[in-house]
Amino acid sequence: KNEVEQSPQNLTAQEGEFITINCSYSVGISALHWLQQHPGGGIVSLFMLSSGKKKHGRLIATINIQEKHSSLHITASHPRDSAVYICAPSGGGADGLTFGKGTHLIIQP
Amino acid sequence: GAGVSQSPRYKVAKRGQDVALRCDPISGHVSLFWYQQALGQGPEFLTYFQNEAQLDKSGLPSDRFFAERPEGSVSTLKIQRTQQEDSAVYLCASSGGRTTAAAQHFGDGTRLSIL
Chain A
119 KNEVEQSPQN LTAQEGEFIT INCSYSVGIS ALHWLQQHPG GGIVSLFMLS SGKKKHGRLI
179 ATINIQEKHS SLHITASHPR DSAVYICAPS GGGADGLTFG KGTHLIIQP
Chain B
192 GAGVSQSPRY KVAKRGQDVA LRCDPISGHV SLFWYQQALG QGPEFLTYFQ NEAQLDKSGL
252 PSDRFFAERP EGSVSTLKIQ RTQQEDSAVY LCASSGGRTT AAAQHFGDGT RLSIL
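Just so you know, the sequences run in chain order A and B. If you're matching positions, the first sequence starts at 119 in the working numbering and goes up one per residue. If you're matching positions, the second sequence starts at 192 in the working numbering and goes up one per residue.
Treat the hints loosely; a few may be bogus.
[Said to hold, decoys possible] Taking lysine-lysine and the DSSO-like style, the derived pairs with C-alpha atoms no more than 30 Å apart in a straight line are:
#1 B:Lys205 x A:Lys119
#2 B:Lys202 x A:Lys219
#3 B:Lys269 x A:Lys219
[Unchecked claim] Partial selection, computed: residues in chain A whose CB lies under 7 Å from chain B:
#4 Ala149
#5 Pro157
#6 Ile161
#7 Ser163
#8 Met166
#9 Phe217
#10 Gly218
#11 Ile224
[Claimed, not checked] A few chain A positions that, by computed beta-carbon distances, are all more than 10 Å from chain B:
#12 Pro126
#13 Glu133
#14 Lys172
#15 Lys186
#16 Thr193
#17 Ala194
#18 Ile204
#19 Thr216
#20 Lys219
Quick caveat, the hints were computed from the structure, so don't treat them as lab data. Every value quoted in this text rests on a predicted model; they were computed, and no experiment measured them. All residues carry an ideal CB built from backbone N, CA and C; glycine is no exception.
With the sequences and hints as input, model every part of the structure.
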């Protein structure tokens, strides 16, 4: 089973700060998902990446397959970015995703 | 519809009752996943369907849990003789791909409370 560790578990920052959330996993994968979950349960897929870097608006995700590590960055953070961010590595099979416990992010105005 | 729809949104049941949770995936999506999310935890995999075939049910916690997708579209997760530890949010996700290396689209979940 893939062991997934996210850090930090909780993060409170001021509006405008640059945010970094880290994810490490133990077993080689074919892709990694970054997900956002707002209070009330809805999960939104932010990125799926298998190498290098992807950017969408103020969000940037990077992955180093050899080091089994991925990061999610938020530039110019805003209170609406407050949510739980979850990384989920995928072995590429059909056995469901393995999820990290999530990073609880609060952006204060 | 445009997204994955789950119903009911909230379900309260007494211990020992049976419950049924419904998932309407995005039309045409081959893959359908069920996950269980306990309070304060990340989701945990329960089961996976490819069309009507249940290819993996290794995450179902006991034989009280049963899932079906008879026509390869709508899926139902049934829990028999519910216990308090079954209280959780049950999430459904669908994907146009055939593996987990494809983007998954999640429903809003069903929050199940067992009294």
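Now for the hints, and whether the structure bears them out:
no.: 1; hint: B:Lys205 x A:Lys119; result: violated (34 Å)
no.: 2; hint: B:Lys202 x A:Lys219; result: holds (24 Å)
no.: 3; hint: B:Lys269 x A:Lys219; result: holds (26 Å)
no.: 4; hint: Ala149; result: holds (4 Å)
no.: 5; hint: Pro157; result: violated (12 Å)
no.: 6; hint: Ile161; result: holds (4 Å)
no.: 7; hint: Ser163; result: holds (5 Å)
no.: 8; hint: Met166; result: holds (5 Å)
no.: 9; hint: Phe217; result: holds (4 Å)
no.: 10; hint: Gly218; result: holds (6 Å)
no.: 11; hint: Ile224; result: violated (15 Å)
no.: 12; hint: Pro126; result: holds (15 Å)
no.: 13; hint: Glu133; result: holds (26 Å)
no.: 14; hint: Lys172; result: holds (12 Å)
no.: 15; hint: Lys186; result: holds (16 Å)
no.: 16; hint: Thr193; result: holds (23 Å)
no.: 17; hint: Ala194; result: holds (26 Å)
no.: 18; hint: Ile204; result: violated (6 Å)
no.: 19; hint: Thr216; result: violated (7 Å)
no.: 20; hint: Lys219; result: violated (5 Å)
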